[in-house]
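Here the protein sequences line up with chains A and B, keeping their order.
The opening residue of the first sequence carries number 0 in numbering that gives the first Met the number 0; numbering runs sequentially from there.
The opening residue of the second sequence carries number 0 in numbering that gives the first Met the number 0; numbering runs sequentially from there.
One should not assume that every hint holds.
Label pairs and their calculated CB-CB ranges [stated by the list, open to error]:
id, chain 1, residue 1, chain 2, residue 2, range
1, A, Y170, B, H223, 33 to 39 Å
2, B, A257, A, I256, 43 to 49 Å
3, A, H249, B, K166, 41 to 47 Å
4, A, G252, B, Q216, 29 to 35 Å
5, A, H249, B, K194, 38 to 44 Å
6, B, G50, A, Q379, 56 to 62 Å
7, A, D253, B, E225, 27 to 33 Å
Which residues of chain A face chain B? A partial, calculated answer using Cβ under 10 Å [to be verified]:
id, residue
8, E87
9, Y93
10, I98
11, R130
12, L195
13, K196
14, G205
15, I240
16, F250
17, L372
18, L376
Just so you know, these hints were derived from the structure itself, not from any lab.
We treat Cβ as the ideally placed atom computed from N, Cα and C, and that holds for glycine.
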Amino acid sequence: MIDSLYLAWRYVVYNRVKTITLVLCISLVSFLPFALKILLKESEHQLLSRATTTPLLVGAKGNSLDLVMNSLYFSKEKPDFISMKAIEKIMDSYLAMPIPLYTRFHAREYPIVGTTVDYFQFRQHVITEGRAFAMIGESVVGADVATRLNLTVGDSILSSPENLFDLAGVYPLKMTVTGILQKTNSVDDKAVFVDLKTTWVIQGLGHGHQDVKTLKDPADVLSSSENSVTTSAKIKQYTEINLDNLESFHFHGDSSIYPLTAIIAVPQDEKSATILRGRYLSEQKNQQIVRPKQVIEDLLGNIFQIKEFIDAVVLIVAIAMVLAIFLVFSLSFRLRQKEISTILHLGCSRSTVIQLIGAEILIITIFSGALCLSALLVLQHFQGEIVHKLFIS
Amino acid sequence: MKQSKIPFMQKIMVFSGLLLAFNPVQAEEVTPLNVYTVNYPVKFFAESIAGQYAKVTLPMAADIDPAFWSPKADDIARLQTADMILLNGANYAKWLPKVSLPLFKLVNTSSEFREAYISLNEGVTHNHGTGGKHSHTGTAFTTWLDLSLAEKQAKSIFKALSRKQPKLNAKFVQNFIPLQEALLGLDAELSEIGKVLNGKALLGSHPVYQYMRKRYQLNLESVHWEPEEAPTEEQWGQLKELIAKHPAKWMLWEGVPAMETVSKLEELGIKSIVFTPIANLPEVGDFLSIMHKNVARLKTIIEE
Numbered sequence: 000m001i002d003s004l005y006l007a008w009r010y011v012v013y014n015r016v017k018t019i020t021l022v023l024c025i026s027l028v029s030f031l032p033f034a035l036k037i038l039l040k041e042s043e044h045q046l047l048s049r050a051t052t053t054p055l056l057v058g059a060k061g062n063s064l065d066l067v068m069n070s071l072y073f074s075k076e077k078p079d080f081i082s083m084k085a086i087e088k089i090m091d092s093y094l095a096m097p098i099p100l101y102t103r104f105h106a107r108e109y110p111i112v113g114t115t116v117d118y119f120q121f122r123q124h125v126i127t128e129g130r131a132f133a134m135i136g137e138s139v140v141g142a143d144v145a146t147r148l149n150l151t152v153g154d155s156i157l158s159s160p161e162n163l164f165d166l167a168g169v170y171p172l173k174m175t176v177t178g179i180l181q182k183t184n185s186v187d188d189k190a191v192f193v194d195l196k197t198t199w200v201i202q203g204l205g206h207g208h209q210d211v212k213t214l215k216d217p218a219d220v221l222s223s224s225e226n227s228v229t230t231s232a233k234i235k236q237y238t239e240i241n242l243d244n245l246e247s248f249h250f251h252g253d254s255s256i257y258p259l260t261a262i263i264a265v266p267q268d269e270k271s272a273t274i275l276r277g278r279y280l281s282e283q284k285n286q287q288i289v290r291p292k293q294v295i296e297d298l299l300g301n302i303f304q305i306k307e308f309i310d311a312v313v314l315i316v317a318i319a320m321v322l323a324i325f326l327v328f329s330l331s332f333r334l335r336q337k338e339i340s341t342i343l344h345l346g347c348s349r350s351t352v353i354q355l356i357g358a359e360i361l362i363i364t365i366f367s368g369a370l371c372l373s374a375l376l377v378l379q380h381f382q383g384e385i386v387h388k389l390f391i392s
Numbered sequence: 000m001k002q003s004k005i006p007f008m009q010k011i012m013v014f015s016g017l018l019l020a021f022n023p024v025q026a027e028e029v030t031p032l033n034v035y036t037v038n039y040p041v042k043f044f045a046e047s048i049a050g051q052y053a054k055v056t057l058p059m060a061a062d063i064d065p066a067f068w069s070p071k072a073d074d075i076a077r078l079q080t081a082d083m084i085l086l087n088g089a090n091y092a093k094w095l096p097k098v099s100l101p102l103f104k105l106v107n108t109s110s111e112f113r114e115a116y117i118s119l120n121e122g123v124t125h126n127h128g129t130g131g132k133h134s135h136t137g138t139a140f141t142t143w144l145d146l147s148l149a150e151k152q153a154k155s156i157f158k159a160l161s162r163k164q165p166k167l168n169a170k171f172v173q174n175f176i177p178l179q180e181a182l183l184g185l186d187a188e189l190s191e192i193g194k195v196l197n198g199k200a201l202l203g204s205h206p207v208y209q210y211m212r213k214r215y216q217l218n219l220e221s222v223h224w225e226p227e228e229a230p231t232e233e234q235w236g237q238l239k240e241l242i243a244k245h246p247a248k249w250m251l252w253e254g255v256p257a258m259e260t261v262s263k264l265e266e267l268g269i270k271s272i273v274f275t276p277i278a279n280l281p282e283v284g285d286f287l288s289i290m291h292k293n294v295a296r297l298k299t300i301i302e303e
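Working from the sequences, and respecting the hints, build out all of it.
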């Protein structure tokens with residue numbers, strides 16, 4: 000047997016192009032269904048785990064999937080905004096604890112999540128270094144953000160402009176990192192958390208500037224009266240919130256109409272959840288309340304329908320591939336007729352010939368299996384990120 | 000008004016007594032709530048209602064005006080651990096928009112009478128370049144000086160505590176009723192004083208008496224003086240202009256004014272009395288005893 004394996008090995012090495020082609024074909028056909036299964040299982044896990052732990056979501060009426068994907072996975076599709084009045088409505092009902100979310104801005108490629116400290120408690124996140132944000136302008140970063148940007152407590156992170164061509168837009172805000180979250184293996188690892196009011200400052204709804212009553216340069220003041228000061232656009236606005244300028248920060252207009260992207264509603268119990276849902280169904284024309292689990296299950300239903308189709312395609316391709324491999328081997332044996340008759344003339348039995356061919360197939364299969372397994376291991380290692388990029392972001 | 004409330008209160012007391020008798024709550028079973036407040040009146044109401052079932056903290060030093068407190072991050076970190084944060088509402092705590100607190104733990108004790116907030120138009124309006132014009136006008140925030148509103152705030156605290164600890168509802172009812180009676184009693188007394196004063200001109204040393212003026216129909220105009228600071232010549236000039244139109248003989252002070260100021264006012268025929276809003280912890284007494292003293296001092300105007 001060892002001799003047969005040696006001869007088979009020499010043969011596959013000599014015909015390396017043919018061997019590599021066969022190994023790649025077999026590996027690919029074996030890899031595809033397993034890879035698909037791994038990715039779908041991971042996507043199901045990722046999508047459902049957060050959806051299951053998020054009882055209810057309130058947002059603007061429209062695409063419920065966009066609302067869920069943006070609120071749970073901070074995807075780039077932004078739902079329409081709702082106002083802070085929606086928070087008051089839930090609070091006044093005493094049926095659920097509202098956790099606001101405003102996920103409009105980014106710091107580099109990482110989403111800035113405007114929320115309250117309740118979010119950490121709700122998701123059972125642990126701050127391994129530092130503390131939660133306490134003042135506006137402070138931030139808590141996910142574990143991956145801290146690692147990739149090499150951030151520690153006391154460092155700063157800058158918000159990115161929404162639009163590169165918006166030259167007249169608000170200045171980026173420099174936010175101090177006050178805490179780093181423990182790794183959670185969720186999208187929260189790749190997010191920057193700030194107080195809701197900090198996102199409003201990023202948006203320009205709140206700002207801090209020089210005291211308009213003490214401006215010395217006459218060019219700074221366009222007009223002034225007892226109750227009114229009109230300043231020029233060159234007045235210095237602060238791009239960082241610190242203890243020295245915190246007092247100067249203020250918000251304009253009615254804060255009850257300030258924007259949010261969604262509200263996580265944590266009901267007291269199942270009965271409260273039902274009553275709250277009923278109220279939204281009967282009273283709210285511009286807002287919707289959804290059960291994320293239900294939305295994600297619908298999405299997974301569609302994904303699994305696609306999976307069945309892909310499985311069928313893979314099966315057909317696999318059959319075609321097996322037939323092709325069979326053809327390659329049978330043609331190869333026909334070409335090797337002279338070689339086989341020489342082996343027989345040398346006094347070898349037919350079983351030796353079968354052993355030789357079997358050893359060749361075994362070597363190719365082992366290599367294909369090893370390659371397929373290695374690829375699957377690599378895939379398993381990166382499955383979280385791949386799924387996030389393919390299905391979530 | 001008071002007469003109609005008594006039988007109802009008696010019923011509640013009997014009912015709460017029965018509840019206590021048949022459903023006793025052992026003190027050791029319940030961990031006291033960790034409650035933070037933004038000013039002394041709210042702290043007093045919460046302590047009076049919750050009793051031993053809550054540790055009520057006013058987080059700033061006693062010499063600071065709680066409305067204009069500047070908390071540090073450590074102060075906010077402590078507030079974030081609270082079970083409940085009782086707010087005065089009416090834009091009282093100016094520091095609130097600059098900090099991050101757990102939303103669901105916030106209780107606005109005056110939200111029920113939001114419509115009754117008094118708007119101020121004393122702020123500075125400004126704009127930046129061609130951008131939108133905006134003003135910094137505010138809301139009068141010493142709501143508790145209208146004792147009927149103070150009673151509503153106390154009721155709101157009672158409801159919040161009962162929601163948080165439903166098992167202790169009977170205890171809270173038992174504690175709330177005497178407080179309610181005391182606040183409504185003070186309200187009745189002040190209403191009576193308001194009627195007797197019948198539009199007599201008064202001065203306030205600081206614009207903090209807006210709710211009191213409205214509720215008790217006081218003919219009161221305020222200047223912007225501090226008790227411990229001697230007014231400037233400009234401020235004296237403004238006062239003289241004011242009393243020419245508003246011939247007041249009494250000025251209400253937030254705290255004990257400087258003797259020099261009192262003498263100078265007397266030269267103008269204006270007497271001084273203290274009616275303290277008691278926004279922060281008093282050195283002596285409590286909210287009710289100090290309010291009774293305030294009312295007693297106000298009565299001297301009638302007696303003269």
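Do the hints match the structure? See the list:
{"no.": "1", "hint": "A:Y170 <-> B:H223: 33 to 39 Å", "verdict": "35 Å, holds"}
{"no.": "2", "hint": "B:A257 <-> A:I256: 43 to 49 Å", "verdict": "46 Å, holds"}
{"no.": "3", "hint": "A:H249 <-> B:K166: 41 to 47 Å", "verdict": "42 Å, holds"}
{"no.": "4", "hint": "A:G252 <-> B:Q216: 29 to 35 Å", "verdict": "34 Å, holds"}
{"no.": "5", "hint": "A:H249 <-> B:K194: 38 to 44 Å", "verdict": "41 Å, holds"}
{"no.": "6", "hint": "B:G50 <-> A:Q379: 56 to 62 Å", "verdict": "59 Å, holds"}
{"no.": "7", "hint": "A:D253 <-> B:E225: 27 to 33 Å", "verdict": "32 Å, holds"}
{"no.": "8", "hint": "E87", "verdict": "9 Å, holds"}
{"no.": "9", "hint": "Y93", "verdict": "7 Å, holds"}
{"no.": "10", "hint": "I98", "verdict": "7 Å, holds"}
{"no.": "11", "hint": "R130", "verdict": "6 Å, holds"}
{"no.": "12", "hint": "L195", "verdict": "8 Å, holds"}
{"no.": "13", "hint": "K196", "verdict": "6 Å, holds"}
{"no.": "14", "hint": "G205", "verdict": "8 Å, holds"}
{"no.": "15", "hint": "I240", "verdict": "8 Å, holds"}
{"no.": "16", "hint": "F250", "verdict": "6 Å, holds"}
{"no.": "17", "hint": "L372", "verdict": "49 Å, violated"}
{"no.": "18", "hint": "L376", "verdict": "43 Å, violated"}
Violation of the numbered hints given earlier is confined to hints 17 and 18; the remaining hints are satisfied by the structure.
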